[in-house]
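With these hints in hand, go ahead and build the complete structure from the sequences.
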Amino acid sequence: MNLFTDIRELVLDCLKAMVEAGDLPAGLETANVTVEPPRDAAHGDMATNAAMVLAKPAGRKPRDIAEALAARLSGDPRVASAEVAGPGFLNLRLVPGAWQKVVGAVLSDGRDFGRAQLGAGIKVNVEFVSANPTGPMHVGHTRGAVVGDALAALLDFAGYAVTREYYINDGGAQVDVLARSAFERYREAHGLSPEIAEGLYPGDYLIRVGEELKEKFGDRFLHMQEHNWLPVIREFATEAMMAMIRGDLDALGVKMDVYSSEKALYGTGKIEAAIDRLRGMGLIYEGVLEPPKGKTPEDWEPREQTLFKSTAHGDDVDRPVKKSDGAWTYFAPDIAYHDDKVQRGFDMLIDILGADHGGYVKRMKAAVAALSDGRVPLDVKLIQLVKLYKNGEPFKMSKRAGTFVTLRDVVDEVGADVTRFVMLTRKNDAPLDFDFDKVLEQSRDNPVWYVQYAHARVASVLRKAGEAGLDTSDAALAGADLSKLDHPAEIALIRKLADWPRQVEIAARAHEPHRVAGYLTELAADLHGHWNKGNDEPSLRFVQDDRATMAAKIALARATGVVISAGLAILGVTPVEEMR
110 MNLFTDIREL VLDCLKAMVE AGDLPAGLET ANVTVEPPRD AAHGDMATNA
160 AMVLAKPAGR KPRDIAEALA ARLSGDPRVA SAEVAGPGFL NLRLVPGAWQ
210 KVVGAVLSDG RDFGRAQLGA GIKVNVEFVS ANPTGPMHVG HTRGAVVGDA
260 LAALLDFAGY AVTREYYIND GGAQVDVLAR SAFERYREAH GLSPEIAEGL
310 YPGDYLIRVG EELKEKFGDR FLHMQEHNWL PVIREFATEA MMAMIRGDLD
360 ALGVKMDVYS SEKALYGTGK IEAAIDRLRG MGLIYEGVLE PPKGKTPEDW
410 EPREQTLFKS TAHGDDVDRP VKKSDGAWTY FAPDIAYHDD KVQRGFDMLI
460 DILGADHGGY VKRMKAAVAA LSDGRVPLDV KLIQLVKLYK NGEPFKMSKR
510 AGTFVTLRDV VDEVGADVTR FVMLTRKNDA PLDFDFDKVL EQSRDNPVWY
560 VQYAHARVAS VLRKAGEAGL DTSDAALAGA DLSKLDHPAE IALIRKLADW
610 PRQVEIAARA HEPHRVAGYL TELAADLHGH WNKGNDEPSL RFVQDDRATM
660 AAKIALARAT GVVISAGLAI LGVTPVEEMR
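Going by this note's numbering, the sequence shown opens with residue 110, and the numbers climb by one from there.
The reader is advised that the hints may include incorrect statements.
Here are the computed distance ranges between Cβ atoms for each label pair [to be verified]:
1) Lys-505 - Ala-382: 41 to 51 Å
2) Phe-326 - Ala-421: 19 to 29 Å
3) Asp-595 - Glu-687: 52 to 62 Å
Once the Cα atoms are required to be at most 30 Å apart in a straight line, the calculated BS3-like pairs of lysine-lysine come out as [unchecked claim]:
4) Lys-536 - Lys-496
5) Lys-536 - Lys-364
6) Lys-364 - Lys-471
7) Lys-379 - Lys-496
8) Lys-471 - Lys-547
9) Lys-499 - Lys-471
10) Lys-364 - Lys-232
11) Lys-379 - Lys-232
What the hints contain is simulated information worked out from the structure, not anything from laboratory work.
No residue lacks a Cβ here, since even glycine has one placed at the ideal position from N, Cα and C.
Here is the structure:
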């Protein structure tokens with residue numbers, strides 16, 4: 110049940126009747142007609158922009174349209190009043206019964222309440238994390254992992270067919286650096302002093318890799334030339350790092366559907382095939398790029414390269430896909446990888462990338478647009494930095510990693526649930542402060558605690574009602590006399606529950622899972638506010654002496670808990686039954 114969608118359909122039906130009656134011309138586009146909560150709750154329950162949107166194409170004054178529409182809407186039994194405001198805004202008030210039915214719908218649907226068919230089975234690939242397999246995941250990866258996983262869950266809840274994918278960047282020079290770093294730890298395992306030169310990875314996490322290399326290969330590599338041991342140790346260390354990364358993701362509650370390898374693109378003809386396809390479109394040519402804007406680097410020189418005409422698809426400049434020495438640029442395998450995703454039949458691609466990839470967005474969108482003939486959109490979400498604080502001071506170092514705070518550091522400190530929720534309290538492109546002390550505070554200023562406390566309060570009243578002999582099963586509560594929920598405070602809480610399906614669709618369309626965390630925080634505030642009103646007004650308390658009245662009020666409490674639980678599930682957070 111989506112009450113806002115139902116009332117929008119009512120508005121559209123009334124507009125259709127107005128066309129048939131000659132009050133409006135035929136052929137009007139109604140896609141931009143909305144029904145949503147008014148900015149000021151005092152103006153009503155819902156508001157529609159129909160008259161304002163249709164006035165110009167209809168050649169009518171917006172107020173005239175609004176008044177005619179109001180007259181028709183008022184005839185529906187769900188509508189208590191339809192009032193025209195200003196130049197043509199239309200505010201609606203619904204009868205209590207329309208809202209009361211929402212509680213029954215929540216209890217009947219359970220955590221599927223709000224599940225949408227917006228996606229209609231559209232196949233979406235969400236690529237996220239994709240950290241270089243050179244060490245444990247750091248806190249920046251943590252935020253990207255949480256955003257990607259929650260976005261995938263949100264899209265699934267909205268009816269999309271979602272695939273979670275990790276792209277292993279194992280084809281570049283960084284894995285050679287990893288191999289050389291692991292080799293030094295291998296030497297250390299044999300009692301030799303490791304030579305951790307500048308540019309190598311110094312973290313303690315490679316000590317175990319060195320020991321495992323010794324266990325498997327003995328001293329075989331100690332006297333070999335680098336070109337002999339490098340491929341073997343590179344593969345061994347990469348697999349060890351990916352096992353570590355999978356463990357990190359598991360600790361955070363993230364499960365990938367697909368792991369794809371950059372290395373697997375080389376030597377298979379896939380890069381060449383993708384570039385040849387672009388060449389066949391006239392988008393690959395030999396040319397010389399203009400010098401970089403601003404101060405020209407001393408080592409820059411004009412040279413002919415193989416270029417992709419990305420400007421033909423919205424980029425600022427064309428991009429090289431092959432260096433002057435004949436080697437592929439890093440962009441070439443990325444083109445092939447995205448071409449592979451297009452060829453696998455995805456209807457939409459989403460990449461979750463670090464903020465340092467800002468310059469990458471336009472070129473990749475251009476490549477996907479060209480390879481899919483504009484059929485497959487690519488949305489790139491950039492993840493801004495996370496600033497860590499502890500005891501009021503910046504928290505920066507991790508001995509295990511060598512230079513950064515790891516995902517495990519964060520999860521071990523505050524737990525996966527707290528980590529996930531906090532990472533979703535801000536939009537992905539906004540910087541985020543993560544204070545280890547504040548995220549564990551038991552106060553309304555801590556959204557994690559505030560939302561969990563709301564769910565725990567619901568669980569507590571259900572236990573009390575059960576102890577009083579009330580059947581608190583969802584089926585029994587759904588059959589309660591919900592007409593008893595007629596107090597303005599109760600209707601206000603129900604209105605917030607009714608907004609959940611609308612918020613799901615808004616968040617899914619925008620690819621913004623942080624909206625779910627924001628909604629849950631607001632719903633928790635409404636539940637706590639209602640609870641506090643009960644302290645002053647006993648008739649608002651959930652547990653009552655009258656059995657029928659208590660059943661209705663407990664149904665409202667339980668419905669609130671169900672929606673909180675559904676929202677937390679999208680965020681990947683487990684709701685608690687009691688606070689400790």
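Comparing the hints with the structure gives:
1. For the pair Lys-505 and Ala-382, the supplied restraint of 41 to 51 Å holds, since their beta-carbon distance comes to about 45 Å.
2. The hinted window of 19 to 29 Å between Phe-326 and Ala-421 is violated, with their beta carbons roughly 51 Å apart.
3. A hinted range of 52 to 62 Å is violated for the C-beta pair Asp-595 and Glu-687, which are about 31 Å apart.
4. With a C-alpha separation of about 15 Å, the suggested pair Lys-536 and Lys-496 falls inside the 30 Å cut-off, and the hint holds.
5. For the hint pairing Lys-536 with Lys-364, the CA-to-CA distance comes to about 22 Å; that is within 30 Å, so the pair holds.
6. Proposed proximity of Lys-364 and Lys-471 is supported: the alpha carbons are some 29 Å apart, at most 30 Å.
7. Using a Cα cut-off of 30 Å, the hinted pair Lys-379 and Lys-496 is violated, with the two alpha carbons roughly 39 Å apart.
8. A distance of roughly 38 Å separates the Cα atoms of Lys-471 and Lys-547; the hinted pair therefore is violated under the 30 Å criterion.
9. Using a Cα cut-off of 30 Å, the hinted pair Lys-499 and Lys-471 is violated, with the two alpha carbons roughly 37 Å apart.
10. Distance check on the hinted pair: Lys-364 and Lys-232 sit about 18 Å apart at the alpha-carbon level, within 30 Å; holds.
11. With a CA separation close to 23 Å, the supplied pair Lys-379 and Lys-232 stays within the 30 Å bound.
The structure is inconsistent with the numbered hints 2, 3, 7, 8, 9, although it conforms to all the rest.
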